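Using the sequences plus the hints, can you model the full thing?
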Amino acid sequence: GENVEQHPSTLSVQEGDSAVIKCTYSDSASNYFPWYKQELGKRPQLIIDIRSNVGEKKDQRIAVTLNKTAKHFSLHITETQPEDSAVYFCAASRTGNNDMRFGAGTRLTVKP
Amino acid sequence: DAGITQSPRHKVTETGTPVTLRCHQTENHRYMYWYRQDPGHGLRLIHYSYGVKDTDKGEVSDGYSVSRSKTEDFLLTLESATSSQTSVYFCAISLTSGSYANTGELFFGEGSRLTVL
Chain A
1 GENVEQHPST
11 LSVQEGDSAV
21 IKCTYSDSAS
31 NYFPWYKQEL
41 GKRPQLIIDI
51 RSNVGEKKDQ
61 RIAVTLNKTA
71 KHFSLHITET
81 QPEDSAVYFC
91 AASRTGNNDM
101 RFGAGTRLTV
111 KP
Chain B
1001 DAGITQSPRH
1011 KVTETGTPVT
1021 LRCHQTENHR
1031 YMYWYRQDPG
1041 HGLRLIHYSY
1051 GVKDTDKGEV
1061 SDGYSVSRSK
1071 TEDFLLTLES
1081 ATSSQTSVYF
1091 CAISLTSGSY
1101 ANTGELFFGE
1111 GSRLTVL
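Taken in sequence, the protein lines are chains A and B.
Under this note's numbering, the residue at position 47 of the first sequence is numbered 47, and the numbers go up by one with no gaps.
To convert, count from 1 in the second sequence and add 1000; that's this note's numbering.
The hints are all genuine.
Okay, derived cross-link-like pairs now, DMTMM-like style, lysine to aspartate or glutamate, Cα gap no bigger than 25 Å in a straight line:
{"hint": "1", "chain 1": "A", "residue 1": "K57", "chain 2": "A", "residue 2": "E15"}
{"hint": "2", "chain 1": "B", "residue 1": "K1057", "chain 2": "A", "residue 2": "E5"}
{"hint": "3", "chain 1": "A", "residue 1": "K37", "chain 2": "B", "residue 2": "D1038"}
{"hint": "4", "chain 1": "A", "residue 1": "K37", "chain 2": "B", "residue 2": "E1110"}
{"hint": "5", "chain 1": "A", "residue 1": "K42", "chain 2": "B", "residue 2": "E1072"}
{"hint": "6", "chain 1": "A", "residue 1": "K42", "chain 2": "B", "residue 2": "D1038"}
{"hint": "7", "chain 1": "A", "residue 1": "K71", "chain 2": "B", "residue 2": "E1105"}
{"hint": "8", "chain 1": "A", "residue 1": "K22", "chain 2": "B", "residue 2": "E1105"}
{"hint": "9", "chain 1": "A", "residue 1": "K42", "chain 2": "B", "residue 2": "E1110"}
{"hint": "10", "chain 1": "A", "residue 1": "K58", "chain 2": "B", "residue 2": "E1105"}
{"hint": "11", "chain 1": "A", "residue 1": "K42", "chain 2": "B", "residue 2": "E1027"}
{"hint": "12", "chain 1": "B", "residue 1": "K1070", "chain 2": "A", "residue 2": "D99"}
{"hint": "13", "chain 1": "A", "residue 1": "K42", "chain 2": "B", "residue 2": "D1073"}
{"hint": "14", "chain 1": "A", "residue 1": "K42", "chain 2": "B", "residue 2": "E1059"}
{"hint": "15", "chain 1": "B", "residue 1": "K1057", "chain 2": "A", "residue 2": "E2"}
{"hint": "16", "chain 1": "A", "residue 1": "K37", "chain 2": "B", "residue 2": "E1059"}
{"hint": "17", "chain 1": "B", "residue 1": "K1057", "chain 2": "A", "residue 2": "D99"}
{"hint": "18", "chain 1": "B", "residue 1": "K1053", "chain 2": "A", "residue 2": "D99"}
{"hint": "19", "chain 1": "A", "residue 1": "K37", "chain 2": "B", "residue 2": "E1027"}
{"hint": "20", "chain 1": "A", "residue 1": "K68", "chain 2": "B", "residue 2": "E1105"}
{"hint": "21", "chain 1": "B", "residue 1": "K1011", "chain 2": "A", "residue 2": "E39"}
{"hint": "22", "chain 1": "B", "residue 1": "K1057", "chain 2": "A", "residue 2": "D27"}
{"hint": "23", "chain 1": "A", "residue 1": "K22", "chain 2": "B", "residue 2": "E1059"}
{"hint": "24", "chain 1": "A", "residue 1": "K57", "chain 2": "A", "residue 2": "D27"}
{"hint": "25", "chain 1": "A", "residue 1": "K71", "chain 2": "B", "residue 2": "E1059"}
{"hint": "26", "chain 1": "A", "residue 1": "K37", "chain 2": "B", "residue 2": "E1105"}
To give a feel for the contact side, a few chain A residues facing chain B, derived at Cβ under 7 Å:
{"hint": "27", "residue": "Y32"}
{"hint": "28", "residue": "R43"}
{"hint": "29", "residue": "P44"}
{"hint": "30", "residue": "L46"}
{"hint": "31", "residue": "F89"}
{"hint": "32", "residue": "S93"}
{"hint": "33", "residue": "T95"}
{"hint": "34", "residue": "N98"}
{"hint": "35", "residue": "D99"}
{"hint": "36", "residue": "F102"}
{"hint": "37", "residue": "G103"}
{"hint": "38", "residue": "A104"}
{"hint": "39", "residue": "G105"}
What the hints contain is simulated information worked out from the structure, not anything from laboratory work.
Owing to the predicted nature of the structure, the values given are computational and were not obtained by experimental measurement.
All residues carry an ideal CB built from backbone N, CA and C; glycine is no exception.
If you want it as structure tokens, here you go:
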């Protein structure tokens, strides 16, 4: 089955700096790569996703890049703010397979 | 809000007792999922359902069973709880459908924290 690895497990940045979280996947048939943000004590919520037919997607301060050849994808957050502090999860899945696999998570802390 | 609620939100039980967690949705979504969340493991799929009485196993299904007798309710049962099942359990629904159900947004419930002593 699919295996998703996520790095780093913790990340601390100063407010205004950029943050990058990286994930690798093992199943070359995976074609959907979402990112979820989970604030303390809350539910995971989708913040951005990318499909295998594109290499990059942006939404304001958040961007995701995908390298299908290397089987890795990354989340980029620019101009970080204290409210970006949360745990971020990457995931991978493929059409017709209902077992979406998640990375172990990255705890991002943005220091004011 | 996709109208998904979990109950109970918190439960403490003893080893060997049965436990049932309920997930209720109000918008007729076909696909429903149960995940467990543990430090260092992210979210792992326990079981999922693709319709009434249609369920299948996920990555960590041992020790768990599920039932879906109505579209709106998906129950997760621990027949005999063990300490290794202490976790936060999240129900989720897919906001897409059909064979593309797993390549679209999952909307999660608020979670149920289970402690097995």
